[in-house]
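**Q** If you want the building blocks of each chain, they are given just below.
2 protein chains.
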Amino acid sequence: MKHSNHLFYLENYAKVLLDVGLGLRSNDGILLSFDEVGLPLARIVVREAYRRGAKDVITIFADDTMNLDRYNFGMDKIFDDMPKFKVDYREQAFLDNYHSLYITSPNPELLKDVDGDRVARWQKCVSQATEPIQHYQMDNKVKWCVASVPGPAWAKKVFPELEKSQALEALWNLIFEATRMKEEDPVEAWKRHDVLLKEKEKYLDDNNFDKILFKGPGTDLEITLVKGHKWIGGSSKLERGDVFMANIPTEEVFTMPHAKRVEGIVRATKPLSLQGQLVENFSIEFKEGKVVAFEAEKGREVLEKLFAMDEGAMRLGEVALVPDDSPISRRGVLFFNTLFDENASCHLALGNAYGENLRQAQELSDEEKKKLGMNTSMVHVDFMVGGPELEVLGIKEDGSQVVLLQDGNWV
Amino acid sequence: MKHSNHLFYLENYAKVLLDVGLGLRSNDGILLSFDEVGLPLARIVVREAYRRGAKDVITIFADDTMNLDRYNFGMDKIFDDMPKFKVDYREQAFLDNYHSLYITSPNPELLKDVDGDRVARWQKCVSQATEPIQHYQMDNKVKWCVASVPGPAWAKKVFPELEKSQALEALWNLIFEATRMKEEDPVEAWKRHDVLLKEKEKYLDDNNFDKILFKGPGTDLEITLVKGHKWIGGSSKLERGDVFMANIPTEEVFTMPHAKRVEGIVRATKPLSLQGQLVENFSIEFKEGKVVAFEAEKGREVLEKLFAMDEGAMRLGEVALVPDDSPISRRGVLFFNTLFDENASCHLALGNAYGENLRQAQELSDEEKKKLGMNTSMVHVDFMVGGPELEVLGIKEDGSQVVLLQDGNWV
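Chains as they are written, first to last, in the numbering used here: chain R, 1 to 411; chain U, 1 to 411.
Treat the hints with care, as some may be off.
Any copy, or any two copies together, can satisfy a pair, since identical chains are not distinguished.
Unchecked claim - Cross-link-like lysine-lysine pairs, in silico, DSS-like; alpha carbons within 30 Å at most: (1) K84 / K55; (2) K237 / K77; (3) K84 / K141; (4) K77 / K141; (5) K182 / K227.
It should be emphasised that the hints constitute simulated quantities derived from the structure, not laboratory data.
All chains should be built: construct the whole structure from the sequences, respecting the hints.
**A** See the structure below:
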């Protein structure tokens, strides 16, 4: 009974990923990434994709063990070299109507004992090598969706008190709930949820706020928004009309901060798993949009390496509102996985901004976007600032204030 | 104890695949293909490859379930279309010093209930699309190696009387023996074996036979060899000097028949697993090198589709001698897997010939090779003709005869 329930929810999961996440249409191709624990879901995704008229599914397999062994045993020079033909391959796929579905199962501390210099160099190398194709996803020129399935190491991190198989079952259960797989018709449930997010999006856009203020324990931050910013919640759209949802789950409504107009201090309310390492209890201070100071009880060097990536890594690229009573947040569980934690909490992102957060993105050159205040970077790292004591205010051009979130929740 | 033995042999397997099969050198990249049952071996291969200075291992995952679902649920038109960017990707990798390691685990009857027309169309489509890059492997411009690991369906086919886990264990055991993994130093054992195959190669080359005759029950075939043919056994060589072994295991010494000078009839002595379907008890008759008649108790339509692929599919591209007392043959087991069965039996191949079987391949144009009698085709399909009653004769230009194999074994 238990087992058949699991399979039933897994089938739902595959359908939601295709029908809501990727918004799959006939003749679409898929670049499907997964690892060993994602294989059962990937198999269902493949079957359902072909049933829906997918023209091809390219499987991209990555493995924690192989990844670790590469860092531990590989020659030092290989962490600075990513061959161009790999980037060309992905670009050619994008141009040929392929879209990306990532079934991830991150171990939050996979790389904690690995040479951090290699990790940072490789991250930088990949970011630079893939820079020419990042716009396909960042600017919604292709459809993409990120989802997660639990692996043993991750499950043990979330439920350290349970033994492995119980921890896995508990995390599966949480994920099925957080992703609405237990609803009677999960695809419909996601469509209803999307309508609610679009209402929030419209309300915020109609107000056309000049600034957003975050106030809470250890946090006092004033974020000026880019002129012509657009709030986005839920689904995104291709120019040709396809609707997709880049994250399953998603509870956020987010927009674009001005890269040079962020002032004050912000305290993270959850740990951050970054590059396979944890950063805990950290604060960051901004002046004229730029990080001028930061501290962390654990993993400070990981932040340091992040800020060293490029100028844009020290500025904000996203501000996102999520109520403290979101279905994910209500579980009261720390996921150690940005995909879930960012949808349980207001958050900010360091690094690259999303073009879709500009109302007139299509008509603007990169230069003009930058001038408006859009941040660019090789990285995009979300960190959580929400919680039951957070107050978020919107300030209009005329100086009038609207309380958006009080005690962590929508007013 | 049993388990640790398995792991010990598996580690040996990985080392043999890298040190003997691929002849891996520092700075080589690897294109590593595997499926779920190959994953444990693939992981060891990755670790050992990085330890040996590999610059990169690209993992290529294929899955029987996904493959079947594609055939069963995919739109009809997708079996005629392979995007060029996939071929370009492989070519770019070859040009960038990547080499292919295939860890296969074929289910001999995977596609038996699938629309055969789709299978044939897809095979033709892939062959045509990859035609521009086939020479990299066929002419030893890159290193490549094919090996196999048992999966449940294959193991049950070989040992139908055993239950699944026992069948798997028995097939693992057979494969470890057939691949010399139980020898004290398997890498050294393979090097010794290579010396013996090279001696056979030299003996056959020194005799410079004009014709090879096969005589046995249902078989009476005269094969004229190409002028300037070269016998090959064991390892191959890149121009730059790297030594590799394209099959693990390998027991054969093979050369190039003249595409237009094969006369007589030949009876297959083992079933052939072709495109996921079995062909059993079949004979083929040749006239002026070309198939003029064929019959099969089972799977005749599979042969029919094969011969319809192109003109070259109806002519021979390889003649290979393997003694009936080879270590694989001695097990007396039918593997339903060409990699093993062809190394337990003399065999012939329909379709494309190997350039390395011409002494002066480097200096000859494709046109000149064809004129000499080299066969070309999109396919290359080995079928087994050896057995305890087979006699193989070599006939020199002056008409003198040498008995090469008597009662199936080297004289």
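**Q** Each hint: holds or not?
**A** Hint-by-hint comparison with the structure:
1. K84 / K55: both (26 Å within a copy, 14 Å between copies)
2. K237 / K77: Close across copies (28 Å), not inside one copy (40 Å); limit 30 Å.
3. K84 / K141: Intra 21 Å, inter 21 Å, cutoff 30 Å: intra and inter.
4. K77 / K141: Intra 34 Å, inter 26 Å, cutoff 30 Å: inter-copy only.
5. K182 / K227: neither (41 Å within a copy, 71 Å between copies)
The structure is inconsistent with hint 5 alone, although it conforms to all the rest.
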